Amino acid sequence: MASLKDLRVRINSVKNTRKITSAMKMVAASKLRRAQEQAEAARPYAERMERMLGSLAAALGSATGAPALLSGTGKDDVHLVVVLTSDRGLCGGFNGSIVRGARAHIRKLLAAGKTVKLLTLGRKGRDQLKGEFAPIMFKAVDGLGKPRLRFEEGADVARLLVDMYAAGEFDVATLIYNRFKSAIVQELTVQQLIPFPVPTLSAEQLSAPTSAGVPAVYEFEPDETEILAELLPRNLAVQVFRAMLESFAGEQGARMAAMDNATRNAGDMINKLTLIYNRTRQAVITREMIEIVSGAEAV
Amino acid sequence: MADSKVTFELVAPERLLVSADVDMVVVPGTEGDFGVLPGHAPLIAAVRAGVIDIYEGGLESKSITQRIFVAGGVAEVTETRCTVLAEQAAPVGDLKAADAQARLEAARSRVTEAGADEIARDRALKDVAIAEAMLAAIAA
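If you read the protein sequences in the order shown, they are chains W and S. The numbers in the working numbering rise by one with no breaks, and the one at position 88 of the first sequence is 88. The numbers in the working numbering rise by one with no breaks, and the one at position 132 of the second sequence is 132.
Everything labelled a hint here was simulated from the structure, so no lab data went into it. Just so it is clear, the structure is predicted and the values come from calculations on it, not from any experiment. Honestly, I wouldn't trust all of these hints.
[Stated by the list, open to error] Calculated lysine to any residue pairs in the SDA-like style (CA-CA distance at most 25 Å, straight line):
| no. | chain 1 | residue 1 | chain 2 | residue 2 |
| --- | --- | --- | --- | --- |
| 1 | S | K62 | S | A41 |
| 2 | S | K126 | W | K19 |
| 3 | S | K5 | W | R51 |
| 4 | S | K96 | S | A137 |
| 5 | W | K19 | W | E226 |
| 6 | S | K5 | W | L70 |
[Stated by the list, open to error] Chain W stretches covered by chain S per the calculated footprint, using a threshold of three residues with CB under 8 Å from any CB of chain S:
| no. | segment |
| --- | --- |
| 7 | 68 to 80 |
| 8 | 183 to 191 |
Even glycine gets a Cβ: it sits at the ideal position worked out from N, Cα and C.
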């Protein structure tokens with residue numbers, strides 16, 4: 001049986017662990033709030049962008065000459081998979097579920113005879129995927145979102161994608177990330193980035209609202225194709241940025257839940273150890289008393 | 001009169017910068033500046049780097065109340081609304097000539113660096129244009 005000193009040391013160490021996990025929980029909670037605010041603030045841009053793209057795509061119809069970012073290359077051979085994870089661990093199953101999803105996705109594509117290229121954003125994804133997929137992993141970006149997530153970080157990734165796409169290095173790009181549903185629930189999301197799936201809007205949403213109630217059609221300046229060519233890379237950046245915000249909020253939520261659990265487990269452990277400690281202490285006292293009494297009797 | 005106002009919104013990817021009912025907005029389009037008054041025909045236009053002027057103070061006696069620099073973007077105009085999606089935006093008063101000058105020089109050196117790489121060159125040229133527009137906005 002462990003000695004009293006050993007038990008005391010263990011209780012203290014678990015107490016220290018509990019202090020750390022409960023502090024991490026607080027930090028995650030405040031970061032989560034900030035991340036949610038940021039995600040909230042970024043929403044208007046994405047919404048309006050979507051509305052504009054919808055009207056543009058509708059105006060353009062299926063006319064030829066649509067930018068390749070929208071219409072695709074007409075092939076489906078080379079897939080680029082972008083996996084968005086966090087840089088740090090201690091957030092429960094957050095990264096594990098993305099990595100698992102990514103692995104399943106890539107294996108499915110490989111089994112279908114496609115060529116797959118892998119881009120990881122975030123250190124955890126890189127570390128966990130490089131074992132199996134090192135030969136197809138061509139780039140890993142980490143250190144995102146420090147000290148806070150900026151739009152440029154999304155834009156940089158988008159620029160990289162657009163350049164590669166223009167150079168014909170892949171046909172389809174997919175982004176795998178965790179969507180933030182609530183502070184404790186994240187949803188694994190597989191989103192196609194290129195070619196961009198056009199949001200389907202109702203005819204009412206597509207035309208400009210007018211006071212007369214008669215829907216009017218937008219004029220374009222310069223023409224549709226040029227605006228679309230301008231808008232699509234920008235939209236890609238918005239999509240990536242949005243995913244980053246969602247993922248960041250999800251990470252903090254997951255960490256908060258994980259740390260809450262850890263704090264609770266540490267508390268249970270301390271109770272159990274204290275009980276054992278007290279029992280042992282009493283046993284020691286009893287034993288010492290018996291020793292004294294039997295010693296006195298022997299004299 | 002609520003009808004004679006334009007709801008102007010300036011949105012950056014990170015947040016909504018301006019949302020106000022104003023009398024007129026002048027937006028620097030790629031094909032030339034255009035003013036938006038209430039009842040403007042629906043329009044979607046590309047925006048170049050330049051200054052957006054916001055006019056307020058009644059239809060007759062309106063004057064510029066805010067000048068905001070944008071580094072390009074897209075504008076959507078309807079009868080009652082004018083929305084500008086801008087990548088970067090800042091009130092002209094907050095711009096610093098030294099920063100803009102530094103940016104211009106950095107962009108110019110990148111143009112020379114880019115050499116034959118057309119994509120990089122285009123991008124650098126675009127940055128030069130933005131920095132030049134910024135300087136012009138400060139000087140005006």
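Check each numbered hint from earlier against the structure, then list the numbers of those it violates in ascending order. Going through the list in order, the structure violates hints 2, 5, 6, 7 and 8 and respects the others.
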